[in-house]
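Enquirer: Fit chain B to the given chain A structure using the hints.
2 protein chains.
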Amino acid sequence: MELQDQNKKGDKDLFEELCSAIGREFVFDNIEERERYSFNGVNGESMPDVVITPHSTEQVSKILSIVNRHNIPICTRGAGAILSGGALPIESYIVLDLKNMNRIVELNARDLTVTVEPGVCIKNLQDEVAKSRLFYTSEPGILDSTTIGGIVSKCTGGMTGLKYGVTRDYVLALEIVLPDGSVINAGRKTLKSVAGYDLARFFVGSEETLGVLTKITLKLLPMPEKACTIVTLFKDIDSALKTTDSILVHNHLSLRSLEFADKTCIDAVSDFSEMEIPAEAEALLVIDVDGNEKNVAKDISRIDTLCKENGALKTSIAHTDEDRNILLDIGKLISPSLSKITSMRLNEELSVPRSKVGGVLKNVYELSKAYSLQVAVFGQIGEGHINLNVICKNGETVEVSARNLVSQILKDVVSIGGTAKTVLQPHEVEMMKGLKKMFDPKGIMNPGRLFGNSSAHRKDAKYAKEI
Amino acid sequence: MELQDQNKKGDKDLFEELCSAIGREFVFDNIEERERYSFNGVNGESMPDVVITPHSTEQVSKILSIVNRHNIPICTRGAGAILSGGALPIESYIVLDLKNMNRIVELNARDLTVTVEPGVCIKNLQDEVAKSRLFYTSEPGILDSTTIGGIVSKCTGGMTGLKYGVTRDYVLALEIVLPDGSVINAGRKTLKSVAGYDLARFFVGSEETLGVLTKITLKLLPMPEKACTIVTLFKDIDSALKTTDSILVHNHLSLRSLEFADKTCIDAVSDFSEMEIPAEAEALLVIDVDGNEKNVAKDISRIDTLCKENGALKTSIAHTDEDRNILLDIGKLISPSLSKITSMRLNEELSVPRSKVGGVLKNVYELSKAYSLQVAVFGQIGEGHINLNVICKNGETVEVSARNLVSQILKDVVSIGGTAKTVLQPHEVEMMKGLKKMFDPKGIMNPGRLFGNSSAHRKDAKYAKEI
Numbered sequence: 001m002e003l004q005d006q007n008k009k010g011d012k013d014l015f016e017e018l019c020s021a022i023g024r025e026f027v028f029d030n031i032e033e034r035e036r037y038s039f040n041g042v043n044g045e046s047m048p049d050v051v052i053t054p055h056s057t058e059q060v061s062k063i064l065s066i067v068n069r070h071n072i073p074i075c076t077r078g079a080g081a082i083l084s085g086g087a088l089p090i091e092s093y094i095v096l097d098l099k100n101m102n103r104i105v106e107l108n109a110r111d112l113t114v115t116v117e118p119g120v121c122i123k124n125l126q127d128e129v130a131k132s133r134l135f136y137t138s139e140p141g142i143l144d145s146t147t148i149g150g151i152v153s154k155c156t157g158g159m160t161g162l163k164y165g166v167t168r169d170y171v172l173a174l175e176i177v178l179p180d181g182s183v184i185n186a187g188r189k190t191l192k193s194v195a196g197y198d199l200a201r202f203f204v205g206s207e208e209t210l211g212v213l214t215k216i217t218l219k220l221l222p223m224p225e226k227a228c229t230i231v232t233l234f235k236d237i238d239s240a241l242k243t244t245d246s247i248l249v250h251n252h253l254s255l256r257s258l259e260f261a262d263k264t265c266i267d268a269v270s271d272f273s274e275m276e277i278p279a280e281a282e283a284l285l286v287i288d289v290d291g292n293e294k295n296v297a298k299d300i301s302r303i304d305t306l307c308k309e310n311g312a313l314k315t316s317i318a319h320t321d322e323d324r325n326i327l328l329d330i331g332k333l334i335s336p337s338l339s340k341i342t343s344m345r346l347n348e349e350l351s352v353p354r355s356k357v358g359g360v361l362k363n364v365y366e367l368s369k370a371y372s373l374q375v376a377v378f379g380q381i382g383e384g385h386i387n388l389n390v391i392c393k394n395g396e397t398v399e400v401s402a403r404n405l406v407s408q409i410l411k412d413v414v415s416i417g418g419t420a421k422t423v424l425q426p427h428e429v430e431m432m433k434g435l436k437k438m439f440d441p442k443g444i445m446n447p448g449r450l451f452g453n454s455s456a457h458r459k460d461a462k463y464a465k466e467i
Numbered sequence: 001m002e003l004q005d006q007n008k009k010g011d012k013d014l015f016e017e018l019c020s021a022i023g024r025e026f027v028f029d030n031i032e033e034r035e036r037y038s039f040n041g042v043n044g045e046s047m048p049d050v051v052i053t054p055h056s057t058e059q060v061s062k063i064l065s066i067v068n069r070h071n072i073p074i075c076t077r078g079a080g081a082i083l084s085g086g087a088l089p090i091e092s093y094i095v096l097d098l099k100n101m102n103r104i105v106e107l108n109a110r111d112l113t114v115t116v117e118p119g120v121c122i123k124n125l126q127d128e129v130a131k132s133r134l135f136y137t138s139e140p141g142i143l144d145s146t147t148i149g150g151i152v153s154k155c156t157g158g159m160t161g162l163k164y165g166v167t168r169d170y171v172l173a174l175e176i177v178l179p180d181g182s183v184i185n186a187g188r189k190t191l192k193s194v195a196g197y198d199l200a201r202f203f204v205g206s207e208e209t210l211g212v213l214t215k216i217t218l219k220l221l222p223m224p225e226k227a228c229t230i231v232t233l234f235k236d237i238d239s240a241l242k243t244t245d246s247i248l249v250h251n252h253l254s255l256r257s258l259e260f261a262d263k264t265c266i267d268a269v270s271d272f273s274e275m276e277i278p279a280e281a282e283a284l285l286v287i288d289v290d291g292n293e294k295n296v297a298k299d300i301s302r303i304d305t306l307c308k309e310n311g312a313l314k315t316s317i318a319h320t321d322e323d324r325n326i327l328l329d330i331g332k333l334i335s336p337s338l339s340k341i342t343s344m345r346l347n348e349e350l351s352v353p354r355s356k357v358g359g360v361l362k363n364v365y366e367l368s369k370a371y372s373l374q375v376a377v378f379g380q381i382g383e384g385h386i387n388l389n390v391i392c393k394n395g396e397t398v399e400v401s402a403r404n405l406v407s408q409i410l411k412d413v414v415s416i417g418g419t420a421k422t423v424l425q426p427h428e429v430e431m432m433k434g435l436k437k438m439f440d441p442k443g444i445m446n447p448g449r450l451f452g453n454s455s456a457h458r459k460d461a462k463y464a465k466e467i
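Residue numbers (the numbering used here), protein chains in the order written: chain A, 1 to 467; chain B, 1 to 467.
If we strip away everything but chain A, and leave its shape as in the complex, we get:
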């Protein structure tokens, strides 16, 4: 009893210290705010002690310096986006919501760079740079509410990676607040940075387990003259994969993205999409092309022919931005639509050599039959990306089978040189933990993300995530 009271007193002290450091209006400990940020996992609900919404690097620095001294873990969060699988339900923690750090600090159209705060939404960034006829490569796969801080810290995003590379390739410099509150600048606002170890790129994808990103400088590209989108449907997965192969391997067409979705995904989105989808469709491709006017016309016509040669049931081509958005929405809607048909699904993002996609999918569907489980697969297969989902509608027994299925696929993926978020070799984990310890000796930054002190918790949280 006494101990509990002492804890309460400690919490109150911390709260007051935070308020006096950065201002009471940015620090919340009322139950309503805390509930909004609480985490639902198999281990029950976990609620933060305090929620903070800083407006500046200086505030973030003060907050980290205080919580580090108090040994209180901190979970970062951007623009109210759903916490990813890694977020850990732990007993005592603080949520740092970066939604108010949403300024576009500097756009330099001549140097093709922009510096933004982490809470800037991708859509706002695109709208702003479009005024200078520039674009950031991560569109169009990203939902409007996704923040640049989110995609840089996870190195996800970018359905245009086929043509333009991944998020990492476009991060030039970062301002970072380290766990002890010190502020560092990593990287440079230049295309060729030549000094020392590449700290900026090291923080990209580190899921804010090493520090909080407070400013991000990105490389921009000139807006392409023209973009065009095709959605095409097939009566079987093989035909879709053959079409993909023809497009990617034999024709070297200049694609921006090539996304695949299977029957379960098609059914899930069909209620929400404006495109009419034939009932017999078992596979779908969303293909995006950009470049100069003539090239795009030539490539689109060639892709249309290849789709027909491979027995496409239906092909829709969109030339205007408005029509393109309708088609591109199909891709964007897959994940939210799957959430509508089931509140529980086991999800794993896989990355495999492009030529191995077909083999992995074959394996997935065979196991799905063997276990009598429904799977939903989509992804940027042009880049070897597979988003595997196993639907777990009916309680615990199904979940055990689902885990077995996923772990067999993971073995398969690793054996062919692929990778998944949950698959790290022991030496990698050891080395990464050493690096983590160097930057964050007390382990206060987003414990449980990537890997962590509590990997058991994390696994459960991941596998049962409520989406």
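Read the hints as simulated data drawn from the structure, not as lab findings.
Careful: at least some of the hints might be erroneous.
As the list makes no split between identical chains, a pair holds if one copy fits it or if it spans any two.
Calculated pairs, DMTMM-like style, for lysine to aspartate or glutamate (alpha carbon to alpha carbon, straight line, at most 25 Å) [what the hints assert, rightly or not]:
#	residue 1	residue 2
1	Lys163	Glu58
2	Lys62	Glu430
3	Lys215	Glu428
4	Lys369	Asp321
5	Lys437	Asp180
6	Lys131	Asp245
7	Lys242	Glu293
8	Lys442	Asp11
9	Lys393	Glu276
10	Lys163	Asp11
11	Lys62	Glu428
12	Lys298	Glu225
13	Lys314	Glu25
14	Lys219	Glu428
15	Lys163	Glu276
16	Lys215	Glu430
17	Lys215	Asp412
18	Lys411	Glu106
19	Lys369	Glu282
Expert: Same frame as chain A, but now just chain B:
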């Protein structure tokens, strides 16, 4: 005397241990071999105790494990390329020459990847992948003898960065032997790697101060349909910079590279080049374009017009590979030609925001007048890259002025958000030293490169490098 004898005995023991671990035919301690690998710096000559030429990862692993136990520093070297400024003359060290690790391990044309050993020359790599109509983006700026290990460990190379990004963007996976001899694999042979911290990219550019790269997996691209090169000469630098601006900013032309050279560089190469150069030329641009046939034709014609509008003295256009090589050679010949006109030059590679190149150059030439020093400037100015050279023909006094000039330019560069190899902020150095210590606790890997225990030595070595 006794101590020296003991040292000799220690050396002999180490030599025998290395011989019995990897085979006598790969380990050399004769004076001829050691002299071939000795280092010439202002502090005099420094000769390695032993030279080793391993053929396999296993051998490298055994070597590192032995020298680590003996606390003997090791200097890595690829294909006999000149040691870069960082190589340190230290009393006792071993040279590890990776020239024999020159196999192309696996080319996967369907996945657009290739795995090579570090000693593979860029030219051999390009010839091999060209058979599958693929290319690695680092051509054409690289001399034939440059190895892939060299450019990955320095993250240099790639004169095509304007279009294709930098070396880092094309490294997918690495096999690395750590200083203790353990072998790790970092990264994956997939386009989207999603697991943990980005160790592979962290080792790119680390100049082998953290471990030895023994296998490198690269991303390849489909060979462009057509490439075309323009060399154009101007009577002043301003006209060349205005042309660059027109090409880069106002026209968004799809360039592969855009290199600049000033009068001193032009004069240095003119004796070696097959192109006739007007005597009044003060600035030169080498412009390379690739893509599909029609686009290249359109872009080349537009660039030609822009050059003329800005008062070009002469413009040569090459459409065939043979003719292109003659023009591209001009860029490749600059650095070796400068070495011919002076045995001593102070060299600094700068990276600045593209829009700031003109301002930096203006500053360089003003200071060159003020100090009565001859400078030679070239570089991929399309990417904000400036290779600054101050000619030091006449002894010590000139060298002091030259250092003053360079340090003033470095201040200027840092103030505008640029970077140079010798300019790291104190917090960056501290953090990088922490990382270095984690990977290489005894500091045996290439001491003096990047930064290190003996930065004073290094500075001298760098500034006085014999080229």
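Enquirer: I want to check one pair: Lys314 and Glu25. Are their C-alpha atoms no more than 25 Å apart within a copy, between two copies, both, or neither?
Expert: neither (56 Å within a copy, 66 Å between copies)
Enquirer: Between the shortest in-copy and the shortest cross-copy C-alpha distance, which are at most 25 Å for Lys369 and Glu282: within, between, both, or neither?
Expert: Intra 16 Å, inter 73 Å, cutoff 25 Å: intra-copy only.
Enquirer: How would you label the pair Lys215, Glu430 (within, between, both, or neither) given a Cα cut-off of 25 Å?
Expert: For Lys215 and Glu430, the Cα distance is within 25 Å only across copies (21 Å; inside one copy 29 Å).
Enquirer: Is the C-alpha distance from Lys131 to Asp245 at most 25 Å within one copy, between copies, in both cases, or in neither?
Expert: So Lys131 and Asp245 pass the 25 Å test across copies only (20 Å; inside, 37 Å).
Enquirer: Is it within, between, both or neither when you check Lys163 against Glu58 at 25 Å Cα-Cα?
Expert: neither (38 Å within a copy, 37 Å between copies)
Enquirer: Within, between, both or neither: how does the pair Lys62, Glu430 come out at a Cα-Cα threshold of 25 Å?
Expert: between (31 Å within a copy, 22 Å between copies)
Enquirer: What label fits Lys369 with Asp321 when the C-alpha limit is 25 Å: within, between, both, or neither?
Expert: neither (40 Å within a copy, 55 Å between copies)
Enquirer: Reference check for the pair Lys215 and Glu428, CA-CA at most 25 Å: within, between, both, or neither?
Expert: Between copies only: 17 Å across chains, 28 Å inside a chain, cut-off 25 Å.
Enquirer: 25 Å Cα cut-off: does Lys442 pair with Asp11 within a copy, between copies, both or neither?
Expert: Within one copy only: 19 Å inside a chain, 44 Å across chains, cut-off 25 Å.
Enquirer: With identical chains, the pair Lys163 and Glu276 could be close in the same copy or across copies; at 25 Å between alpha carbons, which is it: within, between, both, or neither?
Expert: This pair counts as neither: shortest intra-copy Cα distance 29 Å, inter-copy 39 Å.
Enquirer: At 25 Å max between alpha carbons, let me know whether Lys62 reaches Glu428 within a copy, between copies, both or neither.
Expert: Answer is between; shortest inter-copy Cα gap is 21 Å, intra-copy 33 Å.
Enquirer: Using 25 Å as the alpha-carbon threshold, which applies to Lys437 and Asp180: within, between, both, or neither?
Expert: both (12 Å within a copy, 20 Å between copies)
The structure shown violates the earlier hints numbered 1, 4, 7, 9, 10, 13 and 15.
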